[in-house]
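Order-wise, the sequence lines are chains A and B. Taking our numbering, the leading residue of the first sequence gets 1, the next gets one more, and so forth. Taking our numbering, the leading residue of the second sequence gets 1, the next gets one more, and so forth.
In case anyone wonders, no lab produced these hints; they're calculated from the structure. Keep in mind that the hints are not guaranteed to be accurate.
[Unchecked claim] Listed next, with one range per pair, are the computed distances between beta-carbon atoms:
#, chain 1, residue 1, chain 2, residue 2, range
1, A, Glu62, B, Glu5, 24 to 30 Å
2, B, Gln42, A, Phe96, 18 to 24 Å
3, B, Thr79, A, Pro8, 41 to 47 Å
4, A, Lys68, B, Thr53, 23 to 29 Å
5, A, Thr38, B, Glu5, 17 to 23 Å
6, B, Ser26, A, Phe74, 32 to 38 Å
7, A, Asp63, B, Ala17, 47 to 53 Å
8, B, Ser75, A, Gln80, 47 to 53 Å
9, A, Ser27, B, Thr20, 32 to 38 Å
All C-beta atoms in this analysis are idealised placements derived from N, C-alpha and C, irrespective of residue type, glycine included.
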Amino acid sequence: DAGVIQSPRHEVTEMGQEVTLRCKPISGHNSLFWYRQTMMRGLELLIYFNNNVPIDDSGMPEDRFSAKMPNASFSTLKIQPSEPRDSAVYFCASSFGPYNEQFFGPGTRLTVL
Amino acid sequence: GIQVEQSPPDLILQEGANSTLRCNFSDSVNNLQWFHQNPWGQLINLFYIPSGTKQNGRLSATTVATERYSLLYISSSQTTDSGVYFCAVVSGANNLFFGTGTRLTVIP
Numbered sequence: 001d002a003g004v005i006q007s008p009r010h011e012v013t014e015m016g017q018e019v020t021l022r023c024k025p026i027s028g029h030n031s032l033f034w035y036r037q038t039m040m041r042g043l044e045l046l047i048y049f050n051n052n053v054p055i056d057d058s059g060m061p062e063d064r065f066s067a068k069m070p071n072a073s074f075s076t077l078k079i080q081p082s083e084p085r086d087s088a089v090y091f092c093a094s095s096f097g098p099y100n101e102q103f104f105g106p107g108t109r110l111t112v113l
Numbered sequence: 001g002i003q004v005e006q007s008p009p010d011l012i013l014q015e016g017a018n019s020t021l022r023c024n025f026s027d028s029v030n031n032l033q034w035f036h037q038n039p040w041g042q043l044i045n046l047f048y049i050p051s052g053t054k055q056n057g058r059l060s061a062t063t064v065a066t067e068r069y070s071l072l073y074i075s076s077s078q079t080t081d082s083g084v085y086f087c088a089v090v091s092g093a094n095n096l097f098f099g100t101g102t103r104l105t106v107i108p
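Please model the entire structure based on the sequences and the hints provided.
In structure tokens, the structure reads:
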């Protein structure tokens, strides 16, 4: 298995631009998580899907952030408009069921200038 | 929400030494995982261990759920063990709550 796949691995953009991060979970997993890692706040959950349905989006910072999961093999996290404080590493993780072992992708390092 | 505390925050070891990392959590958990974040930023699964003891090569872990702690043992440390070790738990809600990590540096 290829593991969780994320793209792009690195993204540099200017303030105000739209950013879209992509994730392909491990085949057969039905739970998908988006996390963000910063020096100040560590690793924190942004949103969680189960069977393609958003279950908990309480970690989404504000309306500029949105996430979708149109099918079992693809999810996107969009930031529009982006701001410098959004600079972070964004991880996608998947698991078979919400309480089972989660596997993380390699992350997308986002820099907003 | 649940509190996850890891100790020590930083650890420097000579290659070949052994170490124990600790994770305390404030509530009952459904899931506990240990991760190694390597210098390139990748989060590598070490153990899925909500209770009991597991071993994988030079690494082993023990979780005592009733006393709300978990331990990660690293034996015969190598320079490639350097990085940050995270404990993360699922309690009630479905997402992982991460501790602040232990930064391990193994010097040759």
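Evaluation of the provided hints:
1. Hint check: glutamate 62 of chain A to glutamate 5 of chain B, Cβ distance near 29 Å, so the stated range 24 to 30 Å holds.
2. Distance hint for glutamine 42 of chain B and phenylalanine 96 of chain A: a CB-CB separation of about 21 Å, consistent with the stated range 18 to 24 Å.
3. Here the CB-CB span from threonine 79 of chain B to proline 8 of chain A is close to 30 Å, at odds with the stated 41 to 47 Å.
4. Taken as a hint, the range 23 to 29 Å is violated for the pair lysine 68 of chain A and threonine 53 of chain B, whose Cβ atoms sit roughly 41 Å apart.
5. The hint said 17 to 23 Å for the Cβ distance between threonine 38 of chain A and glutamate 5 of chain B, and at roughly 19 Å that hint holds.
6. Checked against the given bound of 32 to 38 Å, the beta carbons of serine 26 of chain B and phenylalanine 74 of chain A, roughly 36 Å apart, stay inside it.
7. Checking the proposed 47 to 53 Å range against aspartate 63 of chain A and alanine 17 of chain B shows it holds: the Cβ atoms sit about 50 Å from each other.
8. Range check, serine 75 of chain B to glutamine 80 of chain A: about 49 Å between beta-carbon atoms, so the 47 to 53 Å window is met.
9. In this structure, serine 27 of chain A and threonine 20 of chain B meet the distance hint of 32 to 38 Å, their C-beta atoms being roughly 37 Å apart.
Hint violations for this structure: numbers 3 and 4, all remaining hints satisfied.
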